[in-house]
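Colleague: Spelled out from the first residue to the last, the chains are:
There are 4 protein chains.
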Amino acid sequence: MSSKSVDRRAQPRIVAEERWQTSLTSIEPNMIQVRGYPLDEIMGRIGFAEAVYLLLMGELPTPTIGRMLNAVLVSSIDHGVTPPSTLAARNVATSGAPLKDCVAAGILAFGPHHGGDIESCMRFLDRGLTLVRGGKSMQQAAEAIVAECVASKETPPGFGHRYHTRDPRAARLFQMALELEVEGEHVRLIRAAERALAAHKADFDRPLPVNVDGAIAAICADLGFAYELGNALFLISRLPGLIAHAHEERTRQAPMRQIDPKDHDYDGARSRRLPEGRN
Amino acid sequence: MSSKSVDRRAQPRIVAEERWQTSLTSIEPNMIQVRGYPLDEIMGRIGFAEAVYLLLMGELPTPTIGRMLNAVLVSSIDHGVTPPSTLAARNVATSGAPLKDCVAAGILAFGPHHGGDIESCMRFLDRGLTLVRGGKSMQQAAEAIVAECVASKETPPGFGHRYHTRDPRAARLFQMALELEVEGEHVRLIRAAERALAAHKADFDRPLPVNVDGAIAAICADLGFAYELGNALFLISRLPGLIAHAHEERTRQAPMRQIDPKDHDYDGARSRRLPEGRN
Amino acid sequence: MSSKSVDRRAQPRIVAEERWQTSLTSIEPNMIQVRGYPLDEIMGRIGFAEAVYLLLMGELPTPTIGRMLNAVLVSSIDHGVTPPSTLAARNVATSGAPLKDCVAAGILAFGPHHGGDIESCMRFLDRGLTLVRGGKSMQQAAEAIVAECVASKETPPGFGHRYHTRDPRAARLFQMALELEVEGEHVRLIRAAERALAAHKADFDRPLPVNVDGAIAAICADLGFAYELGNALFLISRLPGLIAHAHEERTRQAPMRQIDPKDHDYDGARSRRLPEGRN
Amino acid sequence: MSSKSVDRRAQPRIVAEERWQTSLTSIEPNMIQVRGYPLDEIMGRIGFAEAVYLLLMGELPTPTIGRMLNAVLVSSIDHGVTPPSTLAARNVATSGAPLKDCVAAGILAFGPHHGGDIESCMRFLDRGLTLVRGGKSMQQAAEAIVAECVASKETPPGFGHRYHTRDPRAARLFQMALELEVEGEHVRLIRAAERALAAHKADFDRPLPVNVDGAIAAICADLGFAYELGNALFLISRLPGLIAHAHEERTRQAPMRQIDPKDHDYDGARSRRLPEGRN
Numbered sequence: 001m002s003s004k005s006v007d008r009r010a011q012p013r014i015v016a017e018e019r020w021q022t023s024l025t026s027i028e029p030n031m032i033q034v035r036g037y038p039l040d041e042i043m044g045r046i047g048f049a050e051a052v053y054l055l056l057m058g059e060l061p062t063p064t065i066g067r068m069l070n071a072v073l074v075s076s077i078d079h080g081v082t083p084p085s086t087l088a089a090r091n092v093a094t095s096g097a098p099l100k101d102c103v104a105a106g107i108l109a110f111g112p113h114h115g116g117d118i119e120s121c122m123r124f125l126d127r128g129l130t131l132v133r134g135g136k137s138m139q140q141a142a143e144a145i146v147a148e149c150v151a152s153k154e155t156p157p158g159f160g161h162r163y164h165t166r167d168p169r170a171a172r173l174f175q176m177a178l179e180l181e182v183e184g185e186h187v188r189l190i191r192a193a194e195r196a197l198a199a200h201k202a203d204f205d206r207p208l209p210v211n212v213d214g215a216i217a218a219i220c221a222d223l224g225f226a227y228e229l230g231n232a233l234f235l236i237s238r239l240p241g242l243i244a245h246a247h248e249e250r251t252r253q254a255p256m257r258q259i260d261p262k263d264h265d266y267d268g269a270r271s272r273r274l275p276e277g278r279n
Numbered sequence: 001m002s003s004k005s006v007d008r009r010a011q012p013r014i015v016a017e018e019r020w021q022t023s024l025t026s027i028e029p030n031m032i033q034v035r036g037y038p039l040d041e042i043m044g045r046i047g048f049a050e051a052v053y054l055l056l057m058g059e060l061p062t063p064t065i066g067r068m069l070n071a072v073l074v075s076s077i078d079h080g081v082t083p084p085s086t087l088a089a090r091n092v093a094t095s096g097a098p099l100k101d102c103v104a105a106g107i108l109a110f111g112p113h114h115g116g117d118i119e120s121c122m123r124f125l126d127r128g129l130t131l132v133r134g135g136k137s138m139q140q141a142a143e144a145i146v147a148e149c150v151a152s153k154e155t156p157p158g159f160g161h162r163y164h165t166r167d168p169r170a171a172r173l174f175q176m177a178l179e180l181e182v183e184g185e186h187v188r189l190i191r192a193a194e195r196a197l198a199a200h201k202a203d204f205d206r207p208l209p210v211n212v213d214g215a216i217a218a219i220c221a222d223l224g225f226a227y228e229l230g231n232a233l234f235l236i237s238r239l240p241g242l243i244a245h246a247h248e249e250r251t252r253q254a255p256m257r258q259i260d261p262k263d264h265d266y267d268g269a270r271s272r273r274l275p276e277g278r279n
Numbered sequence: 001m002s003s004k005s006v007d008r009r010a011q012p013r014i015v016a017e018e019r020w021q022t023s024l025t026s027i028e029p030n031m032i033q034v035r036g037y038p039l040d041e042i043m044g045r046i047g048f049a050e051a052v053y054l055l056l057m058g059e060l061p062t063p064t065i066g067r068m069l070n071a072v073l074v075s076s077i078d079h080g081v082t083p084p085s086t087l088a089a090r091n092v093a094t095s096g097a098p099l100k101d102c103v104a105a106g107i108l109a110f111g112p113h114h115g116g117d118i119e120s121c122m123r124f125l126d127r128g129l130t131l132v133r134g135g136k137s138m139q140q141a142a143e144a145i146v147a148e149c150v151a152s153k154e155t156p157p158g159f160g161h162r163y164h165t166r167d168p169r170a171a172r173l174f175q176m177a178l179e180l181e182v183e184g185e186h187v188r189l190i191r192a193a194e195r196a197l198a199a200h201k202a203d204f205d206r207p208l209p210v211n212v213d214g215a216i217a218a219i220c221a222d223l224g225f226a227y228e229l230g231n232a233l234f235l236i237s238r239l240p241g242l243i244a245h246a247h248e249e250r251t252r253q254a255p256m257r258q259i260d261p262k263d264h265d266y267d268g269a270r271s272r273r274l275p276e277g278r279n
Numbered sequence: 001m002s003s004k005s006v007d008r009r010a011q012p013r014i015v016a017e018e019r020w021q022t023s024l025t026s027i028e029p030n031m032i033q034v035r036g037y038p039l040d041e042i043m044g045r046i047g048f049a050e051a052v053y054l055l056l057m058g059e060l061p062t063p064t065i066g067r068m069l070n071a072v073l074v075s076s077i078d079h080g081v082t083p084p085s086t087l088a089a090r091n092v093a094t095s096g097a098p099l100k101d102c103v104a105a106g107i108l109a110f111g112p113h114h115g116g117d118i119e120s121c122m123r124f125l126d127r128g129l130t131l132v133r134g135g136k137s138m139q140q141a142a143e144a145i146v147a148e149c150v151a152s153k154e155t156p157p158g159f160g161h162r163y164h165t166r167d168p169r170a171a172r173l174f175q176m177a178l179e180l181e182v183e184g185e186h187v188r189l190i191r192a193a194e195r196a197l198a199a200h201k202a203d204f205d206r207p208l209p210v211n212v213d214g215a216i217a218a219i220c221a222d223l224g225f226a227y228e229l230g231n232a233l234f235l236i237s238r239l240p241g242l243i244a245h246a247h248e249e250r251t252r253q254a255p256m257r258q259i260d261p262k263d264h265d266y267d268g269a270r271s272r273r274l275p276e277g278r279n
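First to last, the sequence lines map onto chains F, L, W and P. Position 195 of the first sequence, counting from 1, maps to 195 under the working numbering, and the rest follow consecutively. Position 143 of the second sequence, counting from 1, maps to 143 under the working numbering, and the rest follow consecutively. Position 177 of the third sequence, counting from 1, maps to 177 under the working numbering, and the rest follow consecutively. Position 247 of the fourth sequence, counting from 1, maps to 247 under the working numbering, and the rest follow consecutively.
Just so you know, the hints here were simulated from the structure itself, not pulled from any lab data. Hints are not guaranteed to be accurate.
Distance windows between CB atoms, simulated [stated by the list, open to error]:
1. T155(P) x R45(W): 25 to 35 Å
2. R133(W) x T155(P): 54 to 64 Å
3. T130(F) x G134(W): 30 to 40 Å
4. K136(L) x R278(F): 39 to 49 Å
5. P275(P) x R206(F): 45 to 55 Å
6. R19(F) x R206(W): 51 to 61 Å
By construction, the Cβ of each residue, glycine as well, lies at the ideal position given by its N, Cα and C atoms.
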């Protein structure tokens, strides 16, 4: 551009300059503190799941909550090739795009019908607990919120699965919440809602047990997570799955292939059990 | 569309139909197996970091490797508001977009200069180890690969930090690798390269100790991770940070603000220490 | 993986196989037809804006609608460095990520407060037109929907601008809609709403003329676009802006810089006019 | 957070404050100037494709270049449901995610093998033109760069198509470049390379005529576009296709379906021709 045609103008400041605050992490030369704890001091002393809790909730979890959160994060780590998020990631991978692009595309598929159910279920349960605060029994509240869904012909969020008739992950999460004594009113309400729903069997074309999203929703609500952080736990949990599929697609398949989610086989490790004594 | 104008044509199959394979996770009714292990059985029995290793590497980690991996994942969980990934996530958040969109945008900023360094550093170290296989000593190999960078006036990947003069996370990772006895030739080579680089102090305008990316690169290479999975560990580690910042932006700041990375203060928890006995 | 441990299992088909339909583009060997028109035949014979209309709406636009749509697409092509989408794109660019990643991050920032206003405004106007169908006059309907927003202390979607007190793009779009005789009831209603809003001046801290989003919303609604396609026109319009900023960041600025939206100047071409006789 | 535990600290400025420049668009109250032209003045006076050129290249295109660019942008507007970008967008759409998320995921699939070919082809041609500057004839240069690809058993970028044996879009673009007299040395070189490649028919398992990416690459290089802006034109061109498919998926298909790219039919408008007298 010739200097003659140039017109150097300070662009106006649209918003008045003012300082803003963050309460997550402070940075000083050679010192990083997460929620007040020196990062290098917590490394090796708390696990990743506990560090996630610290960062999102502001305080260290108790060891019990740490165990519960580890189980929540493990529960959704992968679900094979057919979820839309996995297929989005694989379709980006087949174009030769870098791993992070595949993963970002996968995350975008965590829409209302896939992962987003956790937040919806947390809100669904809180509607019920408002009824409990107003004097209804847990079972009455469960029946009321279930009836609302039945009336509008909607599956309540957190119930049923497009493939499983009984979700083994939900069962295990509830069992752990019981054993670890972290079960609270959200878990009790969702179990009550499951019973209420069974009475409406005729209204739905498939069984509707609590699914993994519902179990995560109830447990995380009991642990005090904000709605959108409930969904966020699912994101953290599934990220390794998106990475593993994108990496497998990039390293094992020809580029630019047409990915048919139905025509695949599993050829991995045989069914096996954890070794004895493995916690 | 009127039926008259419709032209129903089977669209040709561009690729011959054939079955394809995955070795990650198998799905059967009410049964999910990750690398052969029933998911509900590993929930509560292995931690999330160990499940990440299982999914990405195909086998359970030893408890020692599990501890090392937890430390690696904790090391990069957040670095305040100034990394480009965090600012990308916050700029998406200020538009009112859902949390997952903020996170996806943040992940897209894990470019060559930010996070991508891990893969570059793994390749840098492997070039050195090829020299070792060819007969050079560790220190000679380190000097050779460092000299290459110096000659092209490039900072070797995994060294130096735009803010810290000594990266406390790298020091802690190396200390743990030593104590846990998982140190291997990549760690030894990067320490040798750090020494070699110190001799070239005059060629750079700042100190260049190993940074957290370099430490992760060396340790993950010693653990056998593929190049792009080295970067992937950083993605998993930083995801909670992106979530925390997007959530803070969405809940604490006015929408559509102009985010100036420089004009911020930390107003979170005071500096504190882990309680006694917290492993 | 040793062959002994492998377990080859056909993964179950989650959804029954059935054919599905698309009505957009048909592909045969050496023949691509968009909405029935051979693509190579329309190339050079209709402009890009007209092809966008054909693809999204199913039919060729009249030349008049083609001109209107070109103006709509030009109207939002760029708005300098300060929109959150532009800053998201630039923050991804400074990490060294490829251009497409910057652009994708920018698109994610087209949230409810930025671009998403078009859909909200279309719905706002349709609420008013429902009142008109019910017997109210255009002005009464405008006053009713404006009063609703005032009562809930919300700025109606499509009005006001964080920086401009009068949006020159909106004025030009309305002028063209009038001259091209494509003005319809949505445009008439939004002008009536602008008048109704002026009577509530005391309730807001700034002038609230129709902004470019409001003008696009009204005109696109009059042209028959579906709600989410109204937003989509903004996406198409702004994409070149995102590209230009990402490219400028990548080619003109140092990597890994801290992007302060306030501290920038414009040093481009001086203010100039279209040459005589240009269109 | 209790005030007792708060520790308000100004976070250090990592980079010295300095002003930075942009030459794209200047913003003043009620005045937006793109490359010096008032935006409201060019609206209705230049088409969208011309505005794209102005924004990316800094000057208004000639009417001839405007026509060529319109054809380039129309050429890749859609290619049915099977490209990975389209499938990524549809897989995100089936999760219920908003339109912009589908589109962002689609853009991420414009990887090296899909769209990215344009940049690779521009570089391929510039390697040839360097030989021409060094004294080789156009045909010799073409043979040299083709021979390099043949030797490394790679298809030269911009040649061949996974489905078409002759790309009708490339033929039309070359015809227009000839008629509009914008053909330059890149177009002549790619035609020479096509002839050179035909002599190596035995080395490849399919015909390798210039494809639409190759034609765009050669024409855009002749028009003076930077490498990454060549790819960017493809992004602009295909965005409406991504939007149309995401919208069709969201409005016509059941959510959470398994998208098989092979089992689809076209049921849109019958084959038809442009009306007489249309441009």
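Colleague: Okay, T155(P) versus R45(W) on CB: inside 25 to 35 Å?
Modeller: holds (31 Å)
Colleague: Does the beta carbon distance between K136(L) and R278(F) stay inside 39 to 49 Å, or does it fall outside?
Modeller: Because 42 Å falls inside the window, the suggested range holds.
Colleague: Could you check the hint for me, namely that P275(P) and R206(F) are 45 to 55 Å apart, CB to CB?
Modeller: Roughly 51 Å apart at Cβ, these two residues keep to the hinted range, so it holds.
Colleague: Do the beta carbons of T130(F) and G134(W) sit within 30 to 40 Å of each other?
Modeller: holds (35 Å)
Colleague: Please check whether R19(F) and R206(W) have a Cβ separation lying inside 51 to 61 Å.
Modeller: violated (24 Å)
Colleague: For the range 54 to 64 Å, tell me whether the beta carbons of R133(W) and T155(P) fit it or not.
Modeller: holds (59 Å)
Comparing the model with each earlier hint shows a violation of hint 6 alone; every other hint is respected.
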